[in-house]
Amino acid sequence: MSNISTAEPFSMVLDDRFSLWSSMKRGLPMLLIPPILLLIILIFRNFYTLEYFHVLAGSIWTGMDLVLGLFFAYVMKGLNNIQRTRISMRLTPTMLFFMPSIAAVTITAGVYLAMDLSIPFSSSYMIAALIIAAVLFIQGIGIFLPNELRVYDEILHGAKNQEKIVRLTMFNLKLSLLQVVFQMAIIMLMAHFATGVSI
Amino acid sequence: MKHNADVLKAGSISVVIPAIGLLMGLGLPGILILDYVHVLLAAIWTGTDAFLGFIFYIVISGMDDDIRYYIGKRLLPMTMFFIPAVSVIVPVAGYALAVREGIFSMDLFFMVILILSAVLIILSYVLILPNAFFIYGHDESSKGLISRKLWLISITASVQLVLQIIMISLMAYIVVFS
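As you go down the protein sequences, you meet chains A and B in turn. Reminder that position 49 of the first sequence reads as 49 in the numbering used here, one-by-one numbering, no gaps. Reminder that position 64 of the second sequence reads as 64 in the numbering used here, one-by-one numbering, no gaps.
In short, the hints are calculated from the structure, not lab data. A couple of the hints might just be wrong.
Mimicking DMTMM-like on lysine to aspartate or glutamate, the simulated pairs with C-alpha atoms at most 25 angstroms apart in a straight line are [stated by the list, open to error]:
1) K25(A) to D116(A)
2) K164(A) to D64(B)
3) K174(A) to D6(B)
4) K77(A) to D6(B)
5) K143(B) to D6(B)
6) K164(A) to D66(B)
Same shape as in the complex, but just chain A (with noise of 0.2 angstroms):
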């Protein structure tokens, strides 16, 4: 499928132009940025600017990990192993700063919200809504997180194991639509809160 030639040095087949450097410098905002502003907001403490930044933080989060999991794991399916490596080496660090800081701020804004709309933490919305969000944390800091991490080591170190680079990636696709599953459940309790219709 692929034209490129594996005669080439490995690491000039990849990408030459990845760095700590440079990650760093596309990550950082991707993952300050978020917190920020959901600090901004909590200190000035605003209802229609928290309510705005949780449905469009959400928003963003759930759209991407459907993307991930469903769209972008069908593009990796046709490539080959050395196609996959580049894509990730570009991925992985966006991902890796971007999805935890979203993830969090979604979830924080939300309990805040439901501070704010005086929803019971004892009502049985609550506690389902609060454990998904539990859930998709676990699954978060304990198993995307570090394999991203893994995979930016492995880069970092020169990307000779491609069979890793792959294989972790391709398992983060696949579990962030097993986050989507969780989403849409979540979205569903939202849908109560917003409209007071019983479920």
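Mind docking chain B on chain A? Use the hints.
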């Protein structure tokens, strides 16, 4: 040829599932399912544009036309089917929801929402879909052109994302103040 059949199959699923969701929302009484379908599909669409216009831009920059060609081909279920489908389904569900909730009126606020919706649909059907069709209809001999079309799709998605961010602020206004 086999690839085109795969694209059509995956693309059809990308259209049929949201369409079934819309029909369920419209057919079932009450606002819960309609609200769910509208919010879920809008969220997925926004995230898709965030990915295409933001993360994807970073991923494909610096890549050679060879990889971009394969990515462009494999993204067709999303660019040729899913985005055009949700561009229509989300506003239709939103309009039906506003009517069912009794909050729709032809005032300035809803006019702005309608205009933004129209612009989003136009972007999908005038810029994203034709470029996706181009990618679908051309082979490896047009790698350079396909690569450029992929850039155009990515840039259009980023414009859509900006409009969606504005749109979500209006939606949040409805939820909070109506």
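Under the constraints set out in the numbered hints, which ones does this structure not fulfil?
1
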